[in-house]
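Asks: Chain B: place on chain A using the hints.
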Amino acid sequence: MNWFRFLVALLIAVLFSLSPLPAQAHKLNVFCWTGEQQIYGEAFFSGGRKAKNVPVHVQNAESLVALLTIQTDDKGTFQFTLPQQAVEQKLDLLITVETGDGHRGEWLLTADEYLPTASDPIQTAQPPVIKPAKESAAESVDREAVRAIVRQELNRELIPIKQHLAEGREKKAGPRDILGGIGCIMGLAALLAWFQSKKKKKTSTDG
Amino acid sequence: MHISEGILSAPVLISGGVVAAIGTYIGLKKIELEQVMPVALLSSAFFVAGLIHVPLGPGSVHLMLIGLLGVMLGWAAFPAILIALFLQTLFFQFGGFAVLGVNTVTMSVPALCCYYLTRPWMDNPKTRPAAAFIAGFLAILMASLLTSCALALTDTGFTAAAQLIIAANVPVMIIEGCITMFTVGFIAKVQPEILHLKYA
Numbered sequence: 631m632n633w634f635r636f637l638v639a640l641l642i643a644v645l646f647s648l649s650p651l652p653a654q655a656h657k658l659n660v661f662c663w664t665g666e667q668q669i670y671g672e673a674f675f676s677g678g679r680k681a682k683n684v685p686v687h688v689q690n691a692e693s694l695v696a697l698l699t700i701q702t703d704d705k706g707t708f709q710f711t712l713p714q715q716a717v718e719q720k721l722d723l724l725i726t727v728e729t730g731d732g733h734r735g736e737w738l739l740t741a742d743e744y745l746p747t748a749s750d751p752i753q754t755a756q757p758p759v760i761k762p763a764k765e766s767a768a769e770s771v772d773r774e775a776v777r778a779i780v781r782q783e784l785n786r787e788l789i790p791i792k793q794h795l796a797e798g799r800e801k802k803a804g805p806r807d808i809l810g811g812i813g814c815i816m817g818l819a820a821l822l823a824w825f826q827s828k829k830k831k832k833t834s835t836d837g
Numbered sequence: 016m017h018i019s020e021g022i023l024s025a026p027v028l029i030s031g032g033v034v035a036a037i038g039t040y041i042g043l044k045k046i047e048l049e050q051v052m053p054v055a056l057l058s059s060a061f062f063v064a065g066l067i068h069v070p071l072g073p074g075s076v077h078l079m080l081i082g083l084l085g086v087m088l089g090w091a092a093f094p095a096i097l098i099a100l101f102l103q104t105l106f107f108q109f110g111g112f113a114v115l116g117v118n119t120v121t122m123s124v125p126a127l128c129c130y131y132l133t134r135p136w137m138d139n140p141k142t143r144p145a146a147a148f149i150a151g152f153l154a155i156l157m158a159s160l161l162t163s164c165a166l167a168l169t170d171t172g173f174t175a176a177a178q179l180i181i182a183a184n185v186p187v188m189i190i191e192g193c194i195t196m197f198t199v200g201f202i203a204k205v206q207p208e209i210l211h212l213k214y215a
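Chains as they are written, first to last, in the numbering used here: chain A, 631 to 837; chain B, 16 to 215.
Some clues are possibly wrong.
[What the hints assert, rightly or not] With a Cα cut of at most 30 Å, we get these calculated BS3-like pairs of lysine-lysine:
no.: 1; chain 1: A; residue 1: Lys682; chain 2: A; residue 2: Lys802
no.: 2; chain 1: A; residue 1: Lys832; chain 2: B; residue 2: Lys45
no.: 3; chain 1: A; residue 1: Lys830; chain 2: B; residue 2: Lys45
no.: 4; chain 1: A; residue 1: Lys831; chain 2: B; residue 2: Lys141
no.: 5; chain 1: A; residue 1: Lys829; chain 2: B; residue 2: Lys44
no.: 6; chain 1: A; residue 1: Lys682; chain 2: A; residue 2: Lys830
no.: 7; chain 1: A; residue 1: Lys829; chain 2: B; residue 2: Lys45
no.: 8; chain 1: A; residue 1: Lys680; chain 2: A; residue 2: Lys801
no.: 9; chain 1: B; residue 1: Lys45; chain 2: B; residue 2: Lys204
no.: 10; chain 1: B; residue 1: Lys141; chain 2: A; residue 2: Lys830
no.: 11; chain 1: A; residue 1: Lys831; chain 2: B; residue 2: Lys45
no.: 12; chain 1: A; residue 1: Lys792; chain 2: A; residue 2: Lys682
no.: 13; chain 1: B; residue 1: Lys44; chain 2: A; residue 2: Lys832
no.: 14; chain 1: A; residue 1: Lys801; chain 2: A; residue 2: Lys705
no.: 15; chain 1: A; residue 1: Lys828; chain 2: B; residue 2: Lys44
[Unchecked claim] The following residues of chain B were derived to be distant from chain A, with all beta-carbon distances above 12 Å:
no.: 16; residue: Val33
no.: 17; residue: Phe62
no.: 18; residue: Phe106
no.: 19; residue: Phe107
no.: 20; residue: Val117
no.: 21; residue: Arg134
no.: 22; residue: Asp138
no.: 23; residue: Ala177
no.: 24; residue: Ala182
no.: 25; residue: Asn184
The hints are simulated quantities; they were obtained by calculation from the structure and are not laboratory data.
It should be emphasised that the depicted structure is a prediction, and the values quoted were computed from it without experimental measurement.
We put the CB at the ideal spot given by N, CA and C, even for glycine.
Extracted from the complex, chain B is given alone in its bound form:
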């Protein structure tokens, strides 16, 4: 899902950078003192998840946990993902520094959308597992579509790119759906205040 350096045009890169900067600013403003540690831990999880290769399907894909970050952090997913992506570029040569903004947007916007979409069903323990699974699944699907959009805005056809990326990421969608479901279930039991649940 990390778009490499040298593919996107300058207007796409600049727009991505601006949107990422705005999202990160809002995210940083919303982080309370009590939320700093969960943000750092989930940012670390995202940073390491990139190394877990999923040897299924036609492409080369890895875990991202963006649905989990979205559900747990909301707007704070922007700075968490930005920092992790920056360090992934620095240490693992994923993506690139010029594409950092676009990559942040393609992964943080789905996280934020999942936060707002699945939030109403998170409070009820009966609908929570399904909502968490949908968040994990949908986040990867939306990130695939946004990545395809970014590529289509440069020169690659949207349909061709979307087909390639979505087909490669179907196993990741299912795996992340399950991971999000189990992690949210576990956190709701042991530390419900992190999820800001009305009742656990």
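With the rest of the complex left out, here is chain A:
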């Protein structure tokens, strides 16, 4: 009877602890998204707490050479201008945040993501425009200027969408993970109990 009460109490405790779901996890998340020549990012723990005033290292993802170091602000966000070297050499960037107490998060920002012009569909797949024989210089300049303005505006509009997309990549722990974990532990316990009982039986028959 006592054993039963103990089990019920523990079961209630476990069910009670499941209530603050989803994802009160304890992991440092780093997310980055791109703007016009700027990289924006944020660092926070899965419980929602921001990683404030902690260093952010921007490295070459291949050689791990540091390119620059900045800090998060009071909202856990950061932004930096793309290093010239990274743009010229089309480097993939590894952005890491360390809180100093053993937590570390990272984000890989590939060159394709921050160099929109390199894979700009407008530029690479230009529709065949039949140009008039004598296009004035002013007209072509205007076209470039309009394109730049549109790109700038689009970038600005897309920043929150990119932020949501980046945050959507966070793997959240759900009831399935929790119950799966508990099931694993119980399975292992059953295995151990089986071995123990076999051993006990063997020693009792030997004796």
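Replies: Structure of chain B alone, referenced to chain A:
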């Protein structure tokens, strides 16, 4: 308290792995058939407790229940914590597989120390609540210090890391002290043989 992957140096990781393996071996040897279920239940509790975020203090912290595991399981806390940490890494991406050994040591050694330190006062019902509170409190403090040591052995300064971790974990120390006190009191009433008490 879970140290993330990519922070510690290889010698620290290897040493942690070796100590965790020895502790787990001894712990497994000491588990009797009757103790299998309590070990599994407390391992499950540790596994789930990691998801309970404590929104107090300067850092991002969660419950761990290592004092409770230590008091109730002794050496068996090693395998219980190792399995739970492995599953936390697998399901919640806490810590990392390479740091599993170090994280097991930083949490199991305090559990074991609390077991031996508070054991003499557990038998007496008068001193039991205080002993259980101290076990819960001390386990988190010791785990914070051990985590700081592991970080200091790599490159972070011990004092800086210890200040950060201890300051963040003060609310957890108090909460875990209370949880351990009430849980031990409850188990001593309903199932004293789990605690191997001389008299309840």
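Asks: Which earlier hints can't be squared with this structure?
Replies: Hints 4, 6, 10, 17, 18, 19, 20, 23, 24, 25 not satisfied by this model.
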